[in-house]
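**Student:** These are the residues of each chain, in order.
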Amino acid sequence: MKVLEKNDVIKVALAGNPNSGKSTIFNALTGGHAHVGNWPGVTVEKKDGEFNYSNHTFAITDLPGTYSLTSYSIDERIARDFIVREDQDIIVTVTDSTNLERNLYLTISILELGANVILDLNMADIIEQNKIRIDVDKMKEVLEIPVVLTSGLKMTGLSELKKRIVEFRNNQKRSFKIDYGRDIEESIKRIELELENIKSPYPKRFLSIKILEGDVEIIEELKKMGYSNAVDTAFREISKLEKKFGFDIETEIVEKRYGLIESIIHKCVNKAATIEERLTTSDKIDKILTNKWLGIPIFAFMLWITFQLTFTIGGFFADYIDLFFGWFAGLSSGWLETTGAPQWLLSFISDGLIGGVGSVVIFLPNIMILFLLLSFLEDVGYMARAAFVMDRIMHAIGLPGKSFIPMILGFGCNVPAIMSARTISSERDRLLTILINPFVSCSARLPVYLLFTGIFFKRNEGLVVFSLYSLGILVAVLSARLFKSTIPKLKGPVSPLVMELPPYRLPSLKGVLIHMWERSSQFLKKAGTIILAGVVIVWLLANFPLSAGYASEASLIGHIGKFLAPLFKPAGFAFWQASVALFFGIIAKEIVVGTFGTLFGGAGNLSTALPHYFTQLSALSFMVMSLLYIPCIASIGVIYRETNSWKWTTFSVAYSIFIGWLSAVVIYQIGLIIF
Amino acid sequence: MQYQLTESLEDYLLEIFIISQEKTNIRIKDIAKKRHVKLPSVVKALDELSKKEYIDHEKYGYVELTDYGMEKAKKLYDRHKIVYRFFYNILGLDEYSAEQAAHKIEHDLDKKTITIITKFTNFIENFPAEIRKNWNENFLYFTKTGKYKDKYFLEGGSIMTKAGEKSLGELKIRERGKIIRIKAGIGSLKSKLLDMGAVPGTIVKVDKKAPLGDPIDIQILGYHLTLRKDEAENIIIEEI
Ligand SMILES: Nc1nc2c(ncn2[C@@H]2O[C@H](COP(=O)(O)OP(=O)(O)OP(=O)(O)O)[C@@H](O)[C@H]2O)c(=O)[nH]1
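From first to last, the protein sequence lines stand for chains A and B. Last residue of the first sequence? That's 1687 in our numbering, and every number before it is there in order. Last residue of the second sequence? That's 575 in our numbering, and every number before it is there in order.
Careful, some of the hints might be misleading.
Cβ-Cβ distance ranges computed for the label pairs, FRET-style [said to hold, decoys possible]:
1. B/Gly522 <-> A/Thr1168: 51 to 59 angstroms
2. B/Lys446 <-> A/Gly1238: 28 to 36 angstroms
3. B/Glu573 <-> A/Glu1198: 25 to 33 angstroms
4. B/Gly427 <-> A/Arg1202: 26 to 34 angstroms
5. B/Ile440 <-> A/Glu1098: 55 to 63 angstroms
6. A/Gly1271 <-> B/Ile575: 52 to 60 angstroms
7. B/Glu573 <-> A/Val1148: 33 to 41 angstroms
8. A/Gly1271 <-> B/Asp429: 43 to 51 angstroms
9. A/Gly1238 <-> B/Ser432: 25 to 33 angstroms
10. B/Arg511 <-> A/Val1148: 51 to 59 angstroms
Heads up, incomplete: computed chain B residues facing chain A, CB under 8 angstroms, no partners named [to be verified]:
11. Thr478
12. Thr480
13. Lys513
14. Arg516
15. Ile517
16. Pro535
17. Asp552
18. Leu556
19. His559
20. Arg563
In short, the hints are calculated from the structure, not lab data. Values in this document were obtained by computation on a predicted structure and should not be read as measured data. Even glycine gets a Cβ: it sits at the ideal position worked out from N, Cα and C.
So here's chain A without its partners, still in its complex pose:
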């Protein structure tokens, strides 16, 4: 029925365990051109690509890396749903052939789904090195599916893979049957009978097995579809079997699958790489990198390097980008002036638009370098070790080990820090990590501290700045606690840690670069538009009505400042200039300093002007406010980008403003009592 379309485009999905080389194969096939987005409704990355091969167009989708197809995690549900619902022509399962014992489990599960599968035995170069021979023909025969040997790194076997896809694209989907033993088979039959006439994309047998395994999602769905009878039957069968044999059905079923895999390997592989062989180098590296004494210092060092490179090299480029946009803005306003354009248009183009684009692009060097390093650490396999080493510490504050990295990066800039939370696989832990990140004091807040401590706390500048940083961490930790105990979605213990430590592998430079670019371009696309919009809005507020001076008392922003000022009375800075400065600070925190400069007649005047407005105490409360309220528009942009939800973004903004205000007030009021 869909023959025509099928000849046009071949729909292929790549499935595989994490670290099986799936992305590498994907890049090799598509040449690195991928459309990166999210799966509908969730923040799990989805990659689509297209390529041509011998008169055929391939539309290829990279599924999330998973170990199985239960509904244990969101990734697995995505993969499972996609395979059955999206009507793929072929599923290629990418496996790490040095570890088929575990890798084949997913392939078997997908076969049970009734998909048209090609098995890709990847990492062929490594098994060759280790003199492991896999009898590909035998494997084809046993599994009754095409099998291809590839190496994503050495780029071998890819054309054969493409050939097989074309050749087998119209294969009938057939369900692959594992013999679960007479008793379980009988139960399956009985449940299948109850599922007569069911309209589900899943095969009946698959559904029956899943109910026996106790797959919550499938059970719920069947109940909703009115097949409670089947579920009841299954439960009866389960208790019957369990009474009769005293075994756990779920365990029994999984055991049978692993048993099958063992027999396949026995038939097709001349020798399995012993773990010692496969992992010698890797284990030796781990002896050092996760060593009892060295593990944490090495992690700290890696982090320090990442931090340094990101912010020093990134900062270096950022300065030039800043210069460039300044120059470009000047150039274009100069040019516009010659055309006789009105003054406000000049300002809109140079300050609003060009300035706005500039404030997006300025993050790029930081973000690209950070993701270059993170992608490298991830592809090498170090990220899993970092989580392993830090898990205990983070667990104490209710977060998994992987959240440590975003916390630390936050000291540089919250934008890349929030983006780095992507490596956390549990949705809940990731959300929590993102929500507390804005309280970690980023480097853009330092100018504010320096300005005020330089004027008001000359003798203990260092101490005050240090206390502010500590306060940020304290608020982050306390907020984590608070969220975990009050917000239903964030409640509950840290998600269990059941994580593979993949063997260390040298990634290809190209792979790392592609990985980096995919993430950076996402920042540009989604967060970029929000940042730009924010900058333009603030520009409008500062310039209208046109008769008023830029950001003066009579401008819209001045009005807003005057309107907001009374709110800060209990915090000790109830004058409109402070509110305006805070408002501008939303673009970027360091602008607070610049704004005071503009409002008080030049940066040089500040040291004499500010003491007229601030006391030592209100200066402190103002710094606390600056520390805690929304980091900046860019961070709002990435929070939205990463949570994919306006609700959480708004919550984060509102919460941070409230906490900032509250802390400023509390500190001011306590200060008044003490001094």
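Using the hints provided, position chain B with the ligand relative to the given structure of chain A.
**Tutor:** This is chain B with the ligand only, laid out in the frame that chain A set:
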């Protein structure tokens, strides 16, 4: 003295007792309100009760339990409570249904049945908290799914490991074990562990621990798997 009370009179007596726990002066209309009946029927019942010397009451005055009535009412109350506890604590009905059910059947049960229900209720309620919780969870799960959440519950196994068994969390570095089973009652974590290859019969070896002692890293099926100790506790092994 062996006056047999009708069901309805028993209920009145019980109600009077309950009200008397809350206030000293009981009026007829208090009783009428509690039992949702009209005053005349209350008066009629009270007359009966007072004839049998369970209560003292003058027309339209206060109602008071006699010592004899008090004793009888307490017995009724205990019986009601135990039946209620049986439905509520043991069978897990909600408060309202348990109350209703207790009202319905308490009168019809003979002494022997009441005694055994009492003993059974005490028997379960006196389990150590841990076992009690497990029992409740399993029963609740069973009522919903028809299956034991934790099949080793039947052997007391999910709480205590049997002789010769250990949890993976107890192994030291470089020690090995063969997986016997995964503890049940840990929800989807069990599926995850099984899917990752932690099936019975598989050999595991503790390879290293994180610098702070937790999590641990094990070798299984030719790869490295990290687990927190809490998670490792759920994998029951036999040392080899
Ligand atoms: N030696 C060798 N290394 C490979 C091969 N394919 C991939 N790798 C390396 O294995 C590591 C993991 O590869 P990825 O392509 O990122 O794996 P993945 O399955 O996409 O992993 P996730 O992104 O975590 O899902 C990288 O360091 C790759 O360079 C191969 O055929 N041979």
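**Student:** Is the interface hint for B/Arg563 satisfied, with its Cβ closer than 8 angstroms to some Cβ of chain A?
**Tutor:** For B/Arg563, the interface hint holds, since the closest Cβ of chain A sits about 5 angstroms away, which is under 8 angstroms.
**Student:** Evaluate the given range 51 to 59 angstroms for the C-beta pair formed by B/Gly522 and A/Thr1168.
**Tutor:** About 43 angstroms separates the Cβ atoms of B/Gly522 and A/Thr1168, which means 51 to 59 angstroms is violated.
**Student:** Range hint 25 to 33 angstroms: satisfied by the CB atoms of A/Gly1238 and B/Ser432?
**Tutor:** Since A/Gly1238 and B/Ser432 have Cβ atoms about 27 angstroms apart, the given range 25 to 33 angstroms holds.
**Student:** Please test the hint of 28 to 36 angstroms on the beta carbon pair from B/Lys446 and A/Gly1238.
**Tutor:** violated, 48 angstroms
**Student:** Is 25 to 33 angstroms respected by the C-beta to C-beta distance linking B/Glu573 and A/Glu1198?
**Tutor:** Distance hint for B/Glu573, A/Glu1198 holds at roughly 31 angstroms.
**Student:** Identify whether the interface hint at B/Lys513 stands, where standing means a beta carbon of chain A within less than 8 angstroms of its own.
**Tutor:** Violated: closest Cβ of chain A sits about 13 angstroms from B/Lys513, beyond 8 angstroms.
**Student:** Can you let me know if the beta-carbon spacing of B/Ile440 and A/Glu1098 is within 55 to 63 angstroms?
**Tutor:** This hint holds: roughly 56 angstroms between Cβ atoms.
**Student:** For the restraint on B/Leu556, tell me whether the closest CB of chain A is nearer than 8 angstroms.
**Tutor:** holds, 4 angstroms
**Student:** Hint says 26 to 34 angstroms; check whether the CB-CB distance for B/Gly427 and A/Arg1202 agrees.
**Tutor:** holds, 30 angstroms
**Student:** Would you check whether B/Asp552 satisfies its interface hint, that is, whether its CB is within less than 8 angstroms of any CB in chain A?
**Tutor:** This interface hint holds because 6 angstroms falls under the 8 angstroms limit.
**Student:** Does the CB of B/Ile517 sit less than 8 angstroms away from some CB of chain A?
**Tutor:** holds, 7 angstroms
**Student:** Is 51 to 59 angstroms a correct range for the gap between the Cβ atoms of B/Arg511 and A/Val1148?
**Tutor:** violated, 33 angstroms
The structure fails to meet hints 1, 2, 6, 10, 11, 13 from the earlier list, while all remaining hints are met.
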